[in-house]
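**Q** Based on the hints, put chain L in the right spot on chain A.
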Amino acid sequence: MSHPNRLNINVENLAIGYKDRVICQNIDLKLASGELCAIVGVNGVGKSTLVRTLGNLQPKMNGEIQIAGENLGAFNMDQLAKILSVVLTEQPASKNLRVQELIALGRQPYTNWIGTLTQEDKRYIQTNLKAFLLEDLKQRKCHELSDGQLQRVLIARAAAQDTPVVLLDEPTTHLDLYHKVQILKMLQQLAHQSKKTIVFTTHEIDLAIQLCDKILILDGKTNPFGTPSDLIKQKHFEQLFPSDMVQFDSSSGSFKVKK
Amino acid sequence: MGSQRSYSFVFAIIVLALLLAFLLNVSSGSVNIPFTAVLSGMFGGHMEVESWNYILWNYRMPKAFSSILVGGGLSLSGLLMQTLFRNPLAGPFVLGISSGASLGAALLLMGTSMITGFTVMPFLNDVSLVIAASLGSFLVLLVVLLVANRIKDTMALLIIGLMFGSITSAIVSVLAYFTTAENLQRFVFWSFGSVGNLSSRQVALMGAIVGLGVLLSIVSIKRLNAFLLGENYAQSLGISLKRSRLTIIIATGILAGGVTAFAGPIAFVGLAVPHLTRQIFDTMEHRILIPAVFLYGAILMLLCDVIAQLPNSANILPINAITSLVGAPVVIWLLVRKRKMLF
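Listed in order, the protein sequences are those of chains A and L.
Under this note's numbering, the first residue of the first sequence carries the number 1, and numbering increases by one thereafter.
Under this note's numbering, the first residue of the second sequence carries the number 1, and numbering increases by one thereafter.
Next up, chain A with everything else stripped away, as it sits in the complex (with noise of 0.2 Å):
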């Protein structure tokens, strides 16, 4: 499914909110395929509601959005299942679901009408398996597991749904130094070695500088988004949250706290 560098994720002049409140505006993001993308900004931005409107589980206030060179309104529900994947902050509802089951979860939108599994649908979900670590783990119900396992297995579902677009909403939070930079790295290699196009939402502004290739702050105003190189040199870390607590230092790319 995948064009190397095509125009995944075209949006331009968003404005995202819920019924007739706009919460943010003026969104711009342009991402090629094999890109890894953060959204960062304060609690409350708007981050989730950004990757629920791109995800097409809410609909945008105004503004163009287009995935794969297309507008996201264009796709039917089946299309849109074969081109953009998600993963929520929300459990999945049934935590009594096998690693296995749930991961072939994935490959819904391929399989007949009854859910039977071809050879290649299981050779997605072995590969995938074994790419996120999980292949002890394939028999395990869903409570069973860590928070890290979980997400692993949740990220997992969605690269065996096989589309050109991922979007993940905090896929780090709850999780621990060491595995917050196990999921990062996974996301950045799923981009890179599949040229998938990642958009994820998060909190760890210093990992996102080290390991992503796009940023977007959300700052409900003008909504920087480049490099992250670019945006260190333009100093839009240092705006993001008010001076008198945190400091942004640009040589080692980290916040540090103000004394």
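Bear in mind the hints are in silico, worked out from the structure with no lab data behind them.
These numbers come from a predicted model, not from an experiment.
Pairs of lysine-lysine residues, derived as DSS-like cross-links and limited to a Cα-Cα distance of at most 30 Å, are as follows:
no.	chain 1	residue 1	chain 2	residue 2
1	A	235	A	259
2	L	242	A	60
3	A	141	L	242
4	L	242	A	95
**A** For chain L alone, coordinates are given in the frame of chain A:
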């Protein structure tokens, strides 16, 4: 889904158990008919006593088949509800669906005569009772679903189900106060719950209704599996939420409403059987669970009916009492042993 386990062996045993339960069911009852006579009678052979033949074909066989339909249908509706509401404690009785069916039946049996001033007995038949009970269960199901979308809290949902039960029983008491003794009696007998007393024609009609419910469930297998992830994930997999919810609700309403119309409100089968089934079939895949839950429910109902018949005695206990005596401890046991019921 991707489970490599094969359940064909377990299915073979369950089908065998169903056959045994069926044989046990038809060979027990208030009149003692030897097992060999029952066997030969079932396969068209001659029976020594003419009345045995009559009892077997006009009473026991319809009763056994209706037990299968009632047990299977209610259990399947429980499974659908647990997946739809993402709630292990969902079931036709707990969520007030059976109360809704009771309300529909009560309004038909007692309400119409109150409003129009004369009894509707001439127009009253099985079909109208099925429609009334199904409409009642749909109504409650829709309201519960509406509430469930607003309130994600499991406990609140269950309490609302209980409240529906209270409201319907209140309306039923009001109706009972004003109705004729004859109509009241009809309703009270219906509300005891019974798998017997149905003619072959009625059993066939119930079979058609349950069959339709099963068919809709089978069509929904893929959506049901997607719902295990939650509604947002299901939508991202290309599932239309509105259409899927509607199909599953109609299937649930037809199964719970149709069965309740014929057999009266029967408690705990819909809630307990899906959990009991998951003790044997350790999977969430609906392709396996749907037939397994149906078979398990049928077996359980056949056995409960055997107990209700009190073999070799003329007394028949209300089937509702037996299913509660079997079902309630099962739910308690599951809660205590597993700490939390997962679905």
